[in-house]
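These protein sequences, in sequence, are chains A and B. According to this note's numbering, the first sequence is numbered sequentially starting from 370. According to this note's numbering, the second sequence is numbered sequentially starting from 34.
Heads up, some of the hints might be wrong.
[As the list claims (entries may be wrong)] In the DSBU-like style, the derived pairs of lysine-lysine whose C-alpha atoms are separated by at most 30 angstroms in a straight line are:
| no. | chain 1 | residue 1 | chain 2 | residue 2 |
| --- | --- | --- | --- | --- |
| 1 | A | Lys639 | A | Lys501 |
| 2 | B | Lys287 | A | Lys793 |
| 3 | A | Lys731 | A | Lys742 |
| 4 | A | Lys463 | B | Lys164 |
| 5 | B | Lys152 | B | Lys164 |
| 6 | B | Lys152 | B | Lys225 |
| 7 | A | Lys405 | B | Lys152 |
| 8 | A | Lys793 | A | Lys771 |
| 9 | A | Lys731 | A | Lys689 |
[Stated by the list, open to error] Residues from chain A that keep clear of chain B, each with C-beta distances beyond 12 angstroms, as calculated:
| no. | residue |
| --- | --- |
| 10 | Leu372 |
| 11 | Tyr375 |
| 12 | Ile492 |
| 13 | Tyr508 |
| 14 | Leu530 |
| 15 | Cys738 |
By construction, these hints were calculated from the structure, which means they are not laboratory data. Since this is a predicted model, take the numbers as computed values, not measurements. Just so you know, even glycine gets a beta-carbon here, dropped at the ideal spot from N, CA and C.
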Amino acid sequence: MDLLHYFSDPVLRAPTIGCMLMGFAASLVGMLMLLKRQALIGEVLSHAAFPGIVAGALVASFFPWETGDLSQILVMASAALACLAGSWAVSFLKVRMRIRSDSALCFVLAVFFGVGVLLASQIQMTHAVLYKQSLLFLYGQVATMTDAMIPIYALLAFFTLAIVIILYYPLQALLFDRQFATINGLRTTLVDTCVSALLILAIVVGMRSIGVVLMAGMLIAPAIAARPWTHRLWACFVLAAVFGVVSSFLGNVVSVEGSRLLAEKYPEWKFSLPTGPLILLFAAAFALLSLFFAPKSGILARIIRMALFRQRIAREHLLKALWRKGRNSLISQEEAAEMLSQSLLIRWFCLLWLSWEGLLTKEAGGLYCLTDKGWARACRIVRLHRLWEVYLVDYLSQGVDKVHRSAEELEHVMSAELETELEKLLGDLRFDPHSQPIPSREEATWPTR
Amino acid sequence: MHSQERQEPAIEVSHLTANYQKAPVLWDINLLIPAGGRMVAIVGPNGAGKSTLLKVLLGLVSPSSGHVRILGRPLEEVRRSIAYIPQRGDVDWDFPITSLDVVMMGCYGRMPLLRWPSKRDRDLAQRMLQKVGMLPYAHRQISQLSGGQQQRIFLARALMQDAEIYFMDEPFAGIDAVTEQEIFHLFQELQKEKKTLVVVHHDLSTVERYFDWVVVLNTCLIASGPTSEVFQAETILRAYGANYALLNEAARLKLYQAGLP
Numbered sequence: 370m371d372l373l374h375y376f377s378d379p380v381l382r383a384p385t386i387g388c389m390l391m392g393f394a395a396s397l398v399g400m401l402m403l404l405k406r407q408a409l410i411g412e413v414l415s416h417a418a419f420p421g422i423v424a425g426a427l428v429a430s431f432f433p434w435e436t437g438d439l440s441q442i443l444v445m446a447s448a449a450l451a452c453l454a455g456s457w458a459v460s461f462l463k464v465r466m467r468i469r470s471d472s473a474l475c476f477v478l479a480v481f482f483g484v485g486v487l488l489a490s491q492i493q494m495t496h497a498v499l500y501k502q503s504l505l506f507l508y509g510q511v512a513t514m515t516d517a518m519i520p521i522y523a524l525l526a527f528f529t530l531a532i533v534i535i536l537y538y539p540l541q542a543l544l545f546d547r548q549f550a551t552i553n554g555l556r557t558t559l560v561d562t563c564v565s566a567l568l569i570l571a572i573v574v575g576m577r578s579i580g581v582v583l584m585a586g587m588l589i590a591p592a593i594a595a596r597p598w599t600h601r602l603w604a605c606f607v608l609a610a611v612f613g614v615v616s617s618f619l620g621n622v623v624s625v626e627g628s629r630l631l632a633e634k635y636p637e638w639k640f641s642l643p644t645g646p647l648i649l650l651f652a653a654a655f656a657l658l659s660l661f662f663a664p665k666s667g668i669l670a671r672i673i674r675m676a677l678f679r680q681r682i683a684r685e686h687l688l689k690a691l692w693r694k695g696r697n698s699l700i701s702q703e704e705a706a707e708m709l710s711q712s713l714l715i716r717w718f719c720l721l722w723l724s725w726e727g728l729l730t731k732e733a734g735g736l737y738c739l740t741d742k743g744w745a746r747a748c749r750i751v752r753l754h755r756l757w758e759v760y761l762v763d764y765l766s767q768g769v770d771k772v773h774r775s776a777e778e779l780e781h782v783m784s785a786e787l788e789t790e791l792e793k794l795l796g797d798l799r800f801d802p803h804s805q806p807i808p809s810r811e812e813a814t815w816p817t818r
Numbered sequence: 034m035h036s037q038e039r040q041e042p043a044i045e046v047s048h049l050t051a052n053y054q055k056a057p058v059l060w061d062i063n064l065l066i067p068a069g070g071r072m073v074a075i076v077g078p079n080g081a082g083k084s085t086l087l088k089v090l091l092g093l094v095s096p097s098s099g100h101v102r103i104l105g106r107p108l109e110e111v112r113r114s115i116a117y118i119p120q121r122g123d124v125d126w127d128f129p130i131t132s133l134d135v136v137m138m139g140c141y142g143r144m145p146l147l148r149w150p151s152k153r154d155r156d157l158a159q160r161m162l163q164k165v166g167m168l169p170y171a172h173r174q175i176s177q178l179s180g181g182q183q184q185r186i187f188l189a190r191a192l193m194q195d196a197e198i199y200f201m202d203e204p205f206a207g208i209d210a211v212t213e214q215e216i217f218h219l220f221q222e223l224q225k226e227k228k229t230l231v232v233v234h235h236d237l238s239t240v241e242r243y244f245d246w247v248v249v250l251n252t253c254l255i256a257s258g259p260t261s262e263v264f265q266a267e268t269i270l271r272a273y274g275a276n277y278a279l280l281n282e283a284a285r286l287k288l289y290q291a292g293l294p
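So here's chain A without its partners, still in its complex pose (with noise of 0.2 angstroms):
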């Protein structure tokens, strides 16, 4: 399969193009919406879009000559200000009327797109064709897009590209900050209205690839893969463009040669597979994926942190259960298999982690004895119990007996730093409320000088 040829053939190519360029704006956009904590706007908008569809197609009807491309180009402006209308409703609702954000929102989608399907359905026996036309705006229709809207679509991607750059610095404050941009006179209002005009932009550029229905989660699905990825705000446009853009190309391959295969196989189905819908999966995996494998945030790696603590407490377990039974005692593995009450498997792996770490040695016999380095940090975990003792005892006046099970937890989460700050404030102890001997702060250092 040669994937090069969907950007040169004459049937594929503009399609393909065509859906990248929707990917590439829709994703930026997307991206500044969903930083703005607007996501919903961006639905709101596109199915405000509808009723303009409608009544492009209906006056491109009244031209006595053939219009084509001219009567698209129609469709996508008074698409457009039905979206501003929109957009203006919204804002009436909520600043004038005092309605609370989310109602504006459902109202305006609810009413427009009613009014959109009114329309419709009002050309349906009249201007049969013009329906079924304005129909392909509801969910995309790509195989039918031509060369001649390429340029147009481009020029689109690339205003909103350099929007994006040019007032950087200004839409990071505005962003981040409202106030401090506002007191700044960093031109607030400007910005938020470049930010709503990309918004219909990114709307106008993609009905006709993947509907106005769909679009409001090509707005969000790259931005929310993007997200989890960096910290840095440039890094979260340039990998959600990206990806957009590839979600786009996928879907429009997997379209076109699914459709065939499907075709080929089972002829009788008359199925194929629609474009738009695929890209929208292609950007929802995307971020399914980022959400379950992103480093820190992802749902993977908090799994694996928990899973890492819990050994490390196994761990920790072992060695104090070592301590106490003194310098130089041996262990074998049932008896350290008693100490731990764990599965046989964390068990295993915690003796392997433990021997690796120079904690522990392996005797003659299968016997595992302390190492000085494993000495040392046994005598640190129970140095640390009995301070954080002591504290809450000492300072918090809690029951002697109820301190235990708290110290039980702290041990092994305390930082460096938090350790020193108990160290200075109790000073130099010897013994726990329990009247335990508190290991000294040598013993528990490694190396030991």
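Using the hints provided, position chain B relative to the given structure of chain A.
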């Protein structure tokens, strides 16, 4: 000419009345804070309108009547001479931005619309981070910093602005004692450079130690002047007493009847 400008009061408020949505009401406030390095505390009970006053001074809330002059001129003309440290709740902490980027914002006000920050701005931002002891954290995302560290980053941004007047809304709320001391130390340095600091402050016990000018507020202005003269038990009792509840309610009613937003 320059010395003459210095004579203008830092802040001049006359017959200011403000009522912004659910924010506390301000009623007929006349206030004059002289220039020349004052450290001003705005104190008053909850709902007295301290933050509202600050927002009016900064042009974030437009007054229903009256006017504000900063350094003897309307706010629009002196935007570059004022800096603001927001309350912690007013910022999107999840935003993808590093400490250094936040501090860099301090120079955006000076930048023409289509210009990008230069190498010099970047160096300056690093110096400011150094000044607040946060240089090692320059490339951390801001949500990974503690409350005190976040406050220092915002202080560095304000320093970057090189303003004449610094406004702050409860800069000491929710931070540790060490950071509070360090921030206060920076305040003193600013004061030495004859900068004016206006701080909404909730901790009455530290007012006398930190500030040399106090504005006592509860819907209307109760007192304004040097700390030693104004910060007396009798004044504070008046501000925090129940007597002002009536005025507050009456002012709200009046503004509502007048059809103001």
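Status of each hint after checking the structure:
{"no.": "1", "hint": "A:Lys639 / A:Lys501", "in the structure": "holds, 20 angstroms"}
{"no.": "2", "hint": "B:Lys287 / A:Lys793", "in the structure": "violated, 59 angstroms"}
{"no.": "3", "hint": "A:Lys731 / A:Lys742", "in the structure": "holds, 14 angstroms"}
{"no.": "4", "hint": "A:Lys463 / B:Lys164", "in the structure": "violated, 43 angstroms"}
{"no.": "5", "hint": "B:Lys152 / B:Lys164", "in the structure": "holds, 19 angstroms"}
{"no.": "6", "hint": "B:Lys152 / B:Lys225", "in the structure": "holds, 29 angstroms"}
{"no.": "7", "hint": "A:Lys405 / B:Lys152", "in the structure": "holds, 28 angstroms"}
{"no.": "8", "hint": "A:Lys793 / A:Lys771", "in the structure": "holds, 24 angstroms"}
{"no.": "9", "hint": "A:Lys731 / A:Lys689", "in the structure": "holds, 18 angstroms"}
{"no.": "10", "hint": "Leu372", "in the structure": "holds, 32 angstroms"}
{"no.": "11", "hint": "Tyr375", "in the structure": "holds, 33 angstroms"}
{"no.": "12", "hint": "Ile492", "in the structure": "holds, 43 angstroms"}
{"no.": "13", "hint": "Tyr508", "in the structure": "holds, 33 angstroms"}
{"no.": "14", "hint": "Leu530", "in the structure": "holds, 15 angstroms"}
{"no.": "15", "hint": "Cys738", "in the structure": "holds, 41 angstroms"}
Comparing the model with each numbered hint stated earlier shows that hints 2 and 4 do not hold.
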